[in-house]
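For the protein sequence lines, the chains are P and V, in the order given.
All the letters of the first sequence, read from the start, carry residue numbers 8 to 253 under the numbering used here.
All the letters of the second sequence, read from the start, carry residue numbers 8 to 253 under the numbering used here.
Heads up, some of the hints might be wrong.
Same chains, same names: a pair is fine if it fits in one copy or spans any two.
Unchecked claim - In silico DSS-like cross-links for lysine-lysine, where the CA-CA straight-line distance does not exceed 27 Å:
1. K74 with K202
2. K74 with K57
3. K74 with K93
4. K44 with K74
5. K57 with K151
6. K57 with K13
Keep in mind that the hints were calculated from the coordinates and are not lab data.
Number of protein chains: 2
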Amino acid sequence: MNQPFKQEKEITYFMCDRTNRLTLSMLVNILMDISEKHSAYLGTGEEVVKGMGYNWIILHYEFQIEKIPKVNERVEIETIATEYNKLFTYRDFIVRDKDNNDIIKVKTTFALMDLEKRKMARLPEEIIAPYQATFSKRIRRNTKPQPVDNERASQKVYSVRYFDIDSNNHVNNSQYINWLLDSMDGTFLATHTVKHGIITFDKEVNEEDTVTSSSSRRVANNSITDHQITVDGTIHATASFHWYTA
Amino acid sequence: MNQPFKQEKEITYFMCDRTNRLTLSMLVNILMDISEKHSAYLGTGEEVVKGMGYNWIILHYEFQIEKIPKVNERVEIETIATEYNKLFTYRDFIVRDKDNNDIIKVKTTFALMDLEKRKMARLPEEIIAPYQATFSKRIRRNTKPQPVDNERASQKVYSVRYFDIDSNNHVNNSQYINWLLDSMDGTFLATHTVKHGIITFDKEVNEEDTVTSSSSRRVANNSITDHQITVDGTIHATASFHWYTA
């Protein structure tokens, strides 16, 4: 039986922004932490996967946020590997507040990177079997972010920093989120919260890269913003966020 | 009786660098977290202090690091408010590994900022009494970092980012540490660990500031590096670190 895996987590001040709300990049860090703990519990942790010549990469996030936790809140995080096909595996997360309300739901798509070939690998049975997820031939069509409106976009340029690189030797996912959001106006960020978000990761960012982050608000609905990360004009990540005033 | 305050902490992957060792900036985040919990336990947490028109600022850190924790380690952190005078209070931290060895010792100097006047305040009895620290007229002479050797320095420039600012509306301490270290050569950072470090905070960095971080290795002893953060030529923070190969 495909069992969910749970852990409690305390939201500390260093996970929060100036408004004392959990940041999206720290939310992702916490989710990846529990995902790795789930794998380790099943005997297929990072060391095992690396030993076989692979590491997991994330291709897609979809966030549905009813309420973002604040500093000092304790939350419960549940994760379940729901389904897989020959190339992708799908993992869901639910964050619950202390009254057991589901406050955040996140859907993710993972793939396996062959460390030597630097490209995606077919999922080997030994790695995927322990999750007891459902096999389905069907490859999901994840919702894609809309393109940035370059005419109206605000833009910032970033050099990759030493501490942006994680033990997989590329820029940590959560850092992309900081870049994606930081290109926006600070007053907007301080007065709005993400209600729904989609992020796709198309290419890795390397240590020597200079990254351009662009974002624009939609004309038709200015509570939605579209985002992209480019390196030398090539898109490495895209996102769309739906915001509410808070 | 002046009681120490303790908490266990798990070192998660997002607190670590590419070598899976706890970063200095995350160490500081963890220490500040337990310091705030200690204050909250005594009834003088951030909300109370802010309600009186103040917030705590850090002026000085001194780190003595025997062994830096690695990912998935559980550590115990103990803190004690040791001594105070009319302007400063001194707080020590000890980090212990699972075998109860002291692996990190940190000495810190705190002062109270008057939020309206934006300058240091005399420590009011209501705020300082609950810690039951020893009053001593003597103001400590903290060891100062040596100046950067500008002839040999490497330098990087940073814009303050939205998420660098914390709920006190200035750049979080831990972000200074990222800037201080990121100006160094990546190969050096990946192969060395801090054994001893001193950091002084002289001025706040504000949201619109552009920061220059410079660092140099000493001629007489190239396992020691000196660092500074400047804004428009004015020093805002300095540091000296003693490294070992690891």
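Against the structure, the hints come out as follows:
1. Taking CA atoms no more than 27 Å apart as the test, K74 paired with K202 passes inside one copy only; the shortest distance there is 8 Å, against 42 Å between copies.
2. For the homomeric pair K74 and K57, the shortest alpha-carbon distance between copies (26 Å) is at most 27 Å, but the shortest distance inside one copy (36 Å) is not.
3. Taking identical chains as interchangeable, the C-alpha atoms of K74 and K93 are never at most 27 Å apart, the minima being 35 Å within one chain and 43 Å between chains.
4. Taking the shortest alpha-carbon separations for K44 and K74, both the intra-copy value of 25 Å and the inter-copy value of 24 Å come in at or below 27 Å.
5. Neither within a single protomer nor between protomers do K57 and K151 lie at most 27 Å apart by alpha-carbon distance, with minima of 30 Å and 44 Å respectively.
6. Only within a single protomer do K57 and K13 lie at most 27 Å apart by alpha-carbon distance; the minimum there is 24 Å, versus 36 Å between protomers.
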